[in-house]
Amino acid sequence: MEITITNLKKIYGTRTVLDIDAYTVRTGEILGLVGNNGAGKTTLFRLILDLLKADEGNVHIGDIEVSQSEAWKDTTGAYMDESFLIDYLTPEEYFYFVGKMCGLDKATVDERLIPYERFMNGEILGQKKLIRNLSAGNKQKTGILAALLNRPQLLILDEPFNFLDPSSQSALRHLLQAYNQETGATILVSSHNLTHTIEISTRIALLEHGRIIRDIAPINEEAQHELESYFEIRAEE
Amino acid sequence: MTHLFFDIRKLQKLDEKRSPMFEKNRFAKVMVYIGIAFWAAYLVLFGVLLPSAFSEGFPGMEPYHILNKGLLIVLTLDFLVRFLFPTPIQEVKPFLLLPVPKRKVMAALLLREAINPFNFFWLFFFVPFALLSVTRFYGLAGIVGYALGVWLLTVMNSYWSMLIRVLKRQRFIYICWCLPVYGLLALLEFLPDTHWVSTFTMNWGEGFILWNPFAFLGALTGIGLMGFINYKVQLRLIYNELSRVEDTKIKKISDYAFLDRYGNVGEYMRLELKMLFRNKSPRSQFWSLIVITVLFALALTFGLYEESGMNGFICLYCYCAFGLATLSQIMAIEGNYIDGLMVRRESVYNMLRAKYYVQCGMLAIPFIFCLVPVCNGEITLSMDLAYLFFTAGIIFPGMMQMAVYNDKTAPLNTGLMGKRQNNNVYQTVIVVASLTVPLLVNSGLELLLGTTGSYITMSALGLAGFLTHRLWINNIYTRFMARRYRNMEGFRNTR
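As you go down the protein sequences, you meet chains A and B in turn.
Every letter in the first sequence is one number past the one before it in my numbering, and letter 187, counting from 1, is 187.
My numbering runs 1000 ahead of the 1-based position in the second sequence.
Chain B on its own, in the form it takes in the complex (with noise of 0.2 Å):
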């Protein structure tokens, strides 16, 4: 059993370390650091910031009583986190040959989920936040007790988190059996006056601070039985899991038949549909995008930044997401089916033009729910449209190059996780020239002809650019074919 797993983990980095995605990336793997660092870095300074901040709001109780009420909203905040990563029945498969009963296999899977370095995570947070806040009761011990606890109930909220998700990759209905959970919970807090669920996380929380064993064999309890009920319904699944096929047959066909009119860059702009609409990848960017799109549109409606800068930001934002999502890994899904497009002719001039269109085509999406702070008064119609047209004629044409440098394939079908960070200097670069370059242009302008004078600019810079879109689109294309040699054999390297 320790043998295979740490055979398992072996193999495991293995993959992780000779994925082509990341061996000939550098820049992602520097990335995925930073981002790491990023996020660490942003609980450090929760964590310092919460204890003050929970003195001054609740002068009756201490820091680490409130946050132990609310260590709930912590742990679903954590369980929704995880629905990203994959489960151990989906990496049973290559070991199901091998002379190894299916049950060990699984039980090192699970077992491999509990040190997963994720778990440790939120100790970023936590630690800081006991640090100023415990030790002065209960010293070091204190802490320890405090972040073993937290990592305890981590782990026994992912195995709770795990078997959610085992449950909804059967049928995705299934994942209403959170819902009883949650909803007997939420009963038992806002019921009048009981508060119950929140005293006993603070409780439990104390408990461990105080190296209370009940404590400890609560969460040993709660890990214990999560895990037997995960190994038991994981084992049973996984013949579901391995003659899973998805799609099967489609109940309705969308023919996008009015794109027919449009010619061969018609059937592209509908390829682009199919391409955003049957495949988990983008389906679930276009969807998160949207939901971040309507959060922004909301903030901006509800005058939630008061600085007009920031409104100008959100407003940019609120365009640019689409684009920034799927421009800037503009050829990274068709190296899917590179060798198909190439050995027909201009197909590629015309599927950028396709995608050009439909990506003009999506800005009504956040047009629309930006009208609604504009009805509100709180940015202004020639803001939001000068930040409309320059997106779509400055902006997309700056991540569109992106064409001729992307040489990555992005899989279709895999959670955001299992993709690899498929990341390269030119998109952090593209990425953060267009969210910043509009603002510095608007700046500049507003300095140079005021307000009105400046958003008149941008839109016309933006028409601009739009009606000039054939001529760079064939640069782009030239440009693309020039390199095609190269990209086609990154694209076949990394499918």
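Just chain A, same shape as in the assembly (with noise of 0.2 Å):
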């Protein structure tokens, strides 16, 4: 699932938030978003799922723009905050919610979430706990989970590294390269952290005062070095 994005503008006030002219996301690539904080990486992802207004420009997922039509969301997956999760329900029936928006049933929901038991690790199913008393991490898998539960050509994340334990991120690492490899599904994730992004992304859009300003692919040895360098987390050699 190719995005455009064609002068893609947004303004809060005086001050430009997100500024891009022209970027495509091509079919089948895993794209990390970086940038510091305020850089206009969650901005960008609300406007590609429409979730803000836009004050100039478009996002195009395939041939549709995203505002002019819904249809975009049958083949799309998104988490990004708590505001995605339905707090009152448990694991289980948010599943189950969001398969029956997909059309798929009980049955199949279940057999979808057997390859991810590893990342689950047997504490997100059968706890009979709502979602709202789960740890932060348990709620940020929930949500992962359930961005995955359509199979969607398009999977977008925001942080998704973000509360998980060592072992959840390699495994949420792991899971999100195999989905990728799997289904030739087209990801985007934002992340602070590096090491993650740099490992799993095959293209790397470094964004900074809402202007990507650096487009970096492939991703290799040099590549690393000049995201350390922008960071400046390299060693004070």
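Simulated from the structure, these hints should not be mistaken for laboratory data.
What you were told as hints is all true, and nothing was included just to trick you.
Derived lysine to aspartate or glutamate pairs resembling EDC-like cross-links, with alpha carbons at most 20 Å apart: (1) Lys1252/B x Glu93/A; (2) Lys106/A x Asp1255/B; (3) Lys53/A x Glu1489/B; (4) Lys1093/B x Glu1241/B; (5) Lys1252/B x Asp87/A; (6) Lys9/A x Glu1489/B; (7) Lys1252/B x Glu123/A; (8) Lys1252/B x Glu92/A; (9) Lys128/A x Asp1255/B; (10) Lys53/A x Glu1346/B; (11) Lys106/A x Asp1260/B; (12) Lys129/A x Asp1255/B; (13) Lys128/A x Asp87/A; (14) Lys1251/B x Asp87/A; (15) Lys1251/B x Glu93/A; (16) Lys1093/B x Asp1015/B; (17) Lys1102/B x Asp1007/B; (18) Lys1251/B x Glu92/A; (19) Lys1251/B x Glu123/A; (20) Lys1280/B x Asp87/A.
Keep in mind that this is a model prediction, so the values were computed, not measured.
If you follow the hints, you should be able to join the two separate chains into one complex; please do so.
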């Protein structure tokens, strides 16, 4: 699923928080979106998901302009924050609810969750706990898994490694790579964790003050150095 | 300690002032002030009317003696009303990491409770009452003493109520701690030929009027004692409160499997029912409305209102109550997870349909309650059915228009007072219209077609509204989608 961004602008008051002339994410790519706080990563995701109104320009998912039709929702999965979760449901109920919205029966939902058992680590299903009573990490896992349920051709995850323990972060990394290879889906992931982003991405966009200032591909050692020097996290040799 | 007290007060005022719910909603502020003014006026009215009523009803006694005999009733009402307020232990958390001793923070919060403006609210009743009944014997001094005494009793009562509220938060069953106290008082009052409690409060009240130091000393001792118990208990329970997690494990997961056959709409109906019964605010609202509906149905059953117009209003209110409370706030709850809904196709359309069906289903409750006065012959079945259909087919569609305009998130698990005022001008218009238009329509139709004709027409209109629900819900959905960015921003800002 290709994403085409054309002349996209978002302005709050007098501040331009996002300004992208043209950018295309090709089908099957895993795009890592990096940038410091306030760079515009979340705003870009919200605009792609039609959760914000663009002041100028537009976003196309495939052939569909997101603000004009809802058809792209059938092939897109997303998790950004807790506002995606219905916290008075148990995780199972939430999965069944999302499944139903995507036309899946309970048996199919159960079947689709099986490959993610390692990621769930026995802490999500069968706990008889409402989502609001789960730990932040388990809420994050619930949201990510719900986004994957309908086998989307486009998966958008905003800072998915947040709140996860190291084992779960590793499991998520493998999960996303495997999903991309199996389905050929396009995946957009934003993260402050450079190591994970570099490991999973086939391409990285570096955002600064709402602009994509570097578009890095392929991801190799040179790219890693470039990013590290940008964020000044290389050892002060 | 003084600094801390004023700092906490300042923070609290800033919290109120800067709440996004308030900042963006001047109308809500005005509504709060109007609400306060309304209740104050109501109390003043009672304060003015009761002296003469008491004089006529109890010719051998002074009105203030009668009122003082019933002081405990007022204090019990006050005790109940305070269940809507939060307790200091719920507010202490942000201060615990500051380099200030916990006991000082708790003492400051308890002190703040003493000068809570609500403690003065009853004076809107007692002062006019005293002006008309106490002045002629004891002059201004008598009124001042009486007002001061009543205020002290209210403060004492606020600490007593707070103690029970704090205990209730630990385990609901602890609310029963108040039973021995009220039971003992009732026993002392109602043992044959005793009336010890009312006699005691009568003398206590008169003590305030006469500036008897023992009366004030008694009230101050009560305040000191209740304040001290609160201080000790709440300090001890701070860590329970901090580690408090509500419904960590749920005992029974309701499935509502019968809704499976209705597809996506059924799934949203299931969601609606879970929302209603798994969250504190909607759940308490639901049960309060059940109580109100029962009370109104009882009023109809026993022919409390002789006027047919008033009967019509009460019957209408029984049907509208649920809708008024929930549909006027439509989408406000969903504001908590609106982003998740909006990334799924037509989910809001299906949700609106589900909400409508659930609300229509809920009409069975007032219908059953209203059948009792129908059987009793107090209201006619045709009237009952007319208001039932009219509510489902005309009033609900009107209220559901709020889905387009509501853009503030309503918290799911906050008590009534912690919610902040969420009303906007559209909601008020819709609520007022819902309670008046049907009666006007009924009156107009009655003039034209007679009583039976009027009810038949109202039923027909209601049925037509119900049968065309897909059309108007689709219209609401289309308009909602046109306003979606504005609404979503509003929901995000008020979460």
